[in-house]
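*Asks:* Each chain, letter by letter, is given below.
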Amino acid sequence: AQTVTQSQPEMSVQEAETVTLSCTYDTSESDYYLFWYKQPPSRQMILVIRQEAYKQQNATENRFSVNFQKAAKSFSLKISDSQLGDAAMYFCAYRSPPAGNQFYFGTGTSLTVIP
Amino acid sequence: GAGVSQTPSNKVTEKGKYVELRCDPISGHTALYWYRQSLGQGPEFLIYFQGTGAADDSGLPNDRFFAVRPEGSVSTLKIQRTERGDSAVYLCASSEMGGTDYGYTFGSGTRLTVV
Numbered sequence: 062a063q064t065v066t067q068s069q070p071e072m073s074v075q076e077a078e079t080v081t082l083s084c085t086y087d088t089s090e091s092d093y094y095l096f097w098y099k100q101p102p103s104r105q106m107i108l109v110i111r112q113e114a115y116k117q118q119n120a121t122e123n124r125f126s127v128n129f130q131k132a133a134k135s136f137s138l139k140i141s142d143s144q145l146g147d148a149a150m151y152f153c154a155y156r157s158p159p160a161g162n163q164f165y166f167g168t169g170t171s172l173t174v175i176p
Numbered sequence: 116g117a118g119v120s121q122t123p124s125n126k127v128t129e130k131g132k133y134v135e136l137r138c139d140p141i142s143g144h145t146a147l148y149w150y151r152q153s154l155g156q157g158p159e160f161l162i163y164f165q166g167t168g169a170a171d172d173s174g175l176p177n178d179r180f181f182a183v184r185p186e187g188s189v190s191t192l193k194i195q196r197t198e199r200g201d202s203a204v205y206l207c208a209s210s211e212m213g214g215t216d217y218g219y220t221f222g223s224g225t226r227l228t229v230v
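Chains as they are written, first to last, in our numbering: chain A, 62 to 176; chain B, 116 to 230.
Simulated from the structure, these hints should not be mistaken for laboratory data.
The reader is advised that the hints may include incorrect statements.
Some, not all, of what chain B presents toward chain A, calculated at C-beta under 8 Å [said to hold, decoys possible]:
{"hint": "1", "residue": "Tyr217"}
{"hint": "2", "residue": "Gly222"}
{"hint": "3", "residue": "Ser223"}
A few chain A residues that face chain B, going by a derived Cβ cut-off under 8 Å, partial list only [claimed, not checked]:
{"hint": "4", "residue": "Tyr94"}
{"hint": "5", "residue": "Ser103"}
{"hint": "6", "residue": "Asn162"}
Predicted model only: the values in this text are computed from it and were never measured.
Heads up, the beta-carbon is just placed ideally off N, CA and C, and yes, glycines get one too.
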């Protein structure tokens with residue numbers, strides 16, 4: 062089974078600074094998708110960014126970008142110009158087509174943004 | 116509806132009782148998923164529906180757990196003889212079709228507490 066590891070249970074960042082959240086995964090497949098989800102206290106999982114493994118270019122979404130290292134099976138999330146609204150739990154997730162009807166999630170990183 | 120709706124938001128039940136958790140997916144989404152999120156963990160897959168049928172129920176932990184989706188829209192997760200270990204947030208998600216994460220949207224979950 063695929064495993065996703067987030068080794069940072071908690072992280073903090075000063076408002077307007079940059080923070081990087083780490084994620085590693087284990088798989089024997091070559092085609093898959095990786096995600097970062099944000100979970101605020103409302104509990105709803107909100108998609109932050111998505112990366113397709115066959116694309117070498119790192120995905121970016123406004124202030125959010127990833128560093129995808131396929132050989133190292135590493136997928137980190139960089140948040141630039143951190144805002145108070147970025148404070149939440151962040152989960153790294155893996156999905157593998159064609160049988161990929163489920164996501165495999167890491168244990169999460171709690172991000173605190175300090176004003 | 117505009118989003119995935121889950122009811123109730125919170126449920127407290129006594130050990131040994133039967134509970135039903137409801138998920139109303141986004142209109143037109145044929146795929147529906149249930150996940151369980153225990154305290155301090157990421158969501159774990161329980162079951163996936165494509166239309167009315169359970170296409171993958173490999174994540175159900177035991178035969179006390181059962182889910183239905185009789186008309187291909189609303190789904191109900193049923194837990195018999197609840198145990199304290201069943202306490203968790205139960206998340207539902209839907210997507211436009213199975214085998215893809217297009218439009219994959221989570222609800223805000225039901226927090227189940229078994230006392």
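*Asks:* Hint by hint, note whether the structure agrees.
*Replies:* Status of the hints after comparison with the structure:
Nearest Cβ of chain A to the Cβ of Tyr217(B): about 10 Å, over the 8 Å cut. The hint is violated. The interface hint given for Gly222(B) holds, since its Cβ lies 7 Å from the closest Cβ of chain A, which is under the 8 Å cut-off. The criterion of a C-beta within 8 Å of any C-beta in chain A is met by Ser223(B), whose closest approach is roughly 5 Å, and the hint holds. A hinted interface residue such as Tyr94(A) counts as satisfied when its beta carbon comes closer than 8 Å to some beta carbon of chain B; here the least separation is about 7 Å, so the hint holds.
With a cut of 8 Å, the hint placing Ser103(A) at the interface with chain B holds, because the nearest CB-to-CB distance is about 6 Å. Taking 8 Å as the C-beta contact cut-off toward chain B, the hint placing Asn162(A) at the interface holds, the least distance being around 4 Å.
Consistency note: the structure conflicts with earlier hint 1 alone.
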